[in-house]
Amino acid sequence: MGGWGYCGKSSSWLYHKLDGIDGNGGRGGFTKDELDTLSFALTDLSDRIRAAAERL
0 MGGWGYCGKS
10 SSWLYHKLDG
20 IDGNGGRGGF
30 TKDELDTLSF
40 ALTDLSDRIR
50 AAAERL
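Reminder that position 31 of the sequence shown reads as 30 in numbering that gives the first Met the number 0, one-by-one numbering, no gaps.
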């Protein structure tokens, strides 16, 4: 996967957002929609990790 597939953004976009930097280099966090997507992504990843661990 070439980027953060849950929203079609690059991984650097995600890292900047996590550091509180917006797309223009200024201060900026996540929007409500972005937080919803991040929450879904983290839950999905945790489910996938748990399933993989159970298959071991």
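Don't read these hints as lab results, they were simulated from the structure. We put the CB at the ideal spot given by N, CA and C, even for glycine. One or more of the hints may lead you astray.
Claimed, not checked - Now the in silico label distances, taken between C-beta atoms and shown as ranges: (1) Lys8 - Arg47: 11 to 21 angstroms; (2) Cys6 - Ala51: 21 to 31 angstroms; (3) Gly4 - Leu55: 22 to 32 angstroms; (4) Leu55 - Asp18: 26 to 36 angstroms; (5) Gly25 - Leu55: 38 to 48 angstroms; (6) Ser45 - Tyr14: 28 to 38 angstroms; (7) Asp46 - Arg26: 26 to 36 angstroms.
Check your understanding: Can the suggested window of 22 to 32 angstroms be confirmed for the beta-carbon pair Gly4 and Leu55?
Key -> holds (25 angstroms)
(message) Tell me if the beta carbons of Lys8 and Arg47 are separated by a distance inside 11 to 21 angstroms.
(response) holds (20 angstroms)
Check your understanding: Range hint 21 to 31 angstroms: satisfied by the CB atoms of Cys6 and Ala51?
Key -> Between Cys6 and Ala51, where Cβ atoms are some 23 angstroms apart, the hint holds.
Quick one: are Ser45 and Tyr14 within 28 to 38 angstroms, going by C-beta?
20 angstroms Cβ-Cβ, so the 28 to 38 angstroms window is violated.
Tell me if the beta carbons of Leu55 and Asp18 are separated by a distance inside 26 to 36 angstroms.
holds (34 angstroms)
Can the suggested window of 38 to 48 angstroms be confirmed for the beta-carbon pair Gly25 and Leu55? Since Gly25 and Leu55 have Cβ atoms about 44 angstroms apart, the given range 38 to 48 angstroms holds.
Practice prompt. Could you say whether the range 26 to 36 angstroms given as a hint is met by the Cβ separation of Asp46 and Arg26?
Written response: holds (33 angstroms)
Going through the hint list in order, the structure does not satisfy hint 6, though it satisfies all others.
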